[in-house]
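Enquirer: Sequence:
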Amino acid sequence: MQGLLLATLLLAAPSQFCCRVQGTGPLDVTPEGRPGEVSEVHHRKQFCHWPCKCPPKPSCPPGVSLVRDGCGCCKICAKQPGDICNEADLCDPHKGLYCDYSADRPRYETGVCAYLVAVGCEFNRIRYHNGQVFQPNPLFSCLCVSGTIGCTPLFIPKLTDRHCSGAKGGKKSDKKYCGLGPLQQQLSTTYKTMPDPQRKNVPTYFPTFES
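In mature numbering (1 follows the signal peptide of the UniProt record, and there is no 0), the protein residues as written are -23 to -1, 1 to 188.
Please note that the accuracy of each hint is not assured.
[Claimed, not checked] Distance windows between CB atoms, simulated:
no.	residue 1	residue 2	range
1	PRO130	TYR75	17 to 23 Å
2	HIS106	ARG84	19 to 25 Å
3	PRO28	ARG102	26 to 32 Å
4	HIS26	PHE132	24 to 30 Å
5	LEU131	LEU93	41 to 47 Å
6	ASN114	LEU93	26 to 32 Å
7	GLY59	HIS20	24 to 30 Å
8	ASP60	CYS29	51 to 57 Å
9	ASN101	ARG21	44 to 50 Å
10	ARG84	PRO113	39 to 45 Å
11	ASN101	TYR78	20 to 26 Å
12	PRO115	ARG84	25 to 31 Å
FYI, nobody ran anything at the bench for these hints, they're computed from the structure. Cβ atoms here follow ideal geometry from the backbone N, Cα and C, with glycine treated the same way.
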């Protein structure tokens, strides 16, 4: 009887050992008991590198903000609507832009500059969308940013002595209009009153930003 029991134990031990060895392998099992799929690992590209190595300070076009990059290193010209952006190349914050990464799933490395939801502007009874550029006269280009209108001159006239030396009779001309012709002087003086009278306070500024 004892011999039969000993033989049974000897036969059962190897089978249990084999089962344990087979069960030690890496096997992802779902809660339903089915083997799970191994998730794919995405390695994101690093756009920031330290220590910082910056090129010369760029000269941005009128209306484009000069900002520090997302790495906190260098001055760059901010990306504009529709431009490719990433963690280093930032979208123009003064125009209410953000980097939309939704089309780059699941990596979320690069995106496209898009507008945040914001209100438009009204100028001389004309409605403009947020971010829209318009030209109210030949001398200025204006931009609508979240209900605020900002304008920048299209050219800077050169100063000349004949407009600054004074008029006949010893009267001195206004220095702020030096170098401007009669048409430019008239536009410069009337431009301040161009906003729609129904809108009492329409702030006007020159959107050449630097952060």
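Enquirer: Next step is simple, just say for each hint if it's right about the structure.
Expert: Cross-check of the supplied hints:
Look at PRO130 against TYR75: about 29 Å separates their beta carbons, and that is not inside 17 to 23 Å. For the hinted restraint 19 to 25 Å between HIS106 and ARG84, the CB-CB distance of approximately 31 Å leaves it violated. Between PRO28 and ARG102 the Cβ separation comes to about 54 Å, which falls outside the hinted range of 26 to 32 Å. Here the CB-CB span from HIS26 to PHE132 is close to 40 Å, at odds with the stated 24 to 30 Å.
Taking the beta carbon of each, LEU131 and LEU93 are about 28 Å apart, not inside 41 to 47 Å as hinted. For the pair ASN114 and LEU93, the beta carbons lie near 29 Å from each other, so the given range of 26 to 32 Å is met. With their beta carbons about 27 Å apart, GLY59 and HIS20 fall inside the hinted range of 24 to 30 Å. In this structure the hint that ASP60 and CYS29 lie 51 to 57 Å apart at CB is violated, the actual value being about 22 Å.
Taking 44 to 50 Å as the suggested C-beta distance range, the pair ASN101 and ARG21 conforms, at roughly 48 Å. The hinted range of 39 to 45 Å is satisfied by ARG84 and PRO113, whose Cβ atoms lie roughly 43 Å apart. A C-beta distance of roughly 38 Å is found between ASN101 and TYR78, which places it outside the suggested range of 20 to 26 Å. The given range of 25 to 31 Å is broken by PRO115 and ARG84, whose C-beta atoms sit roughly 47 Å from each other.
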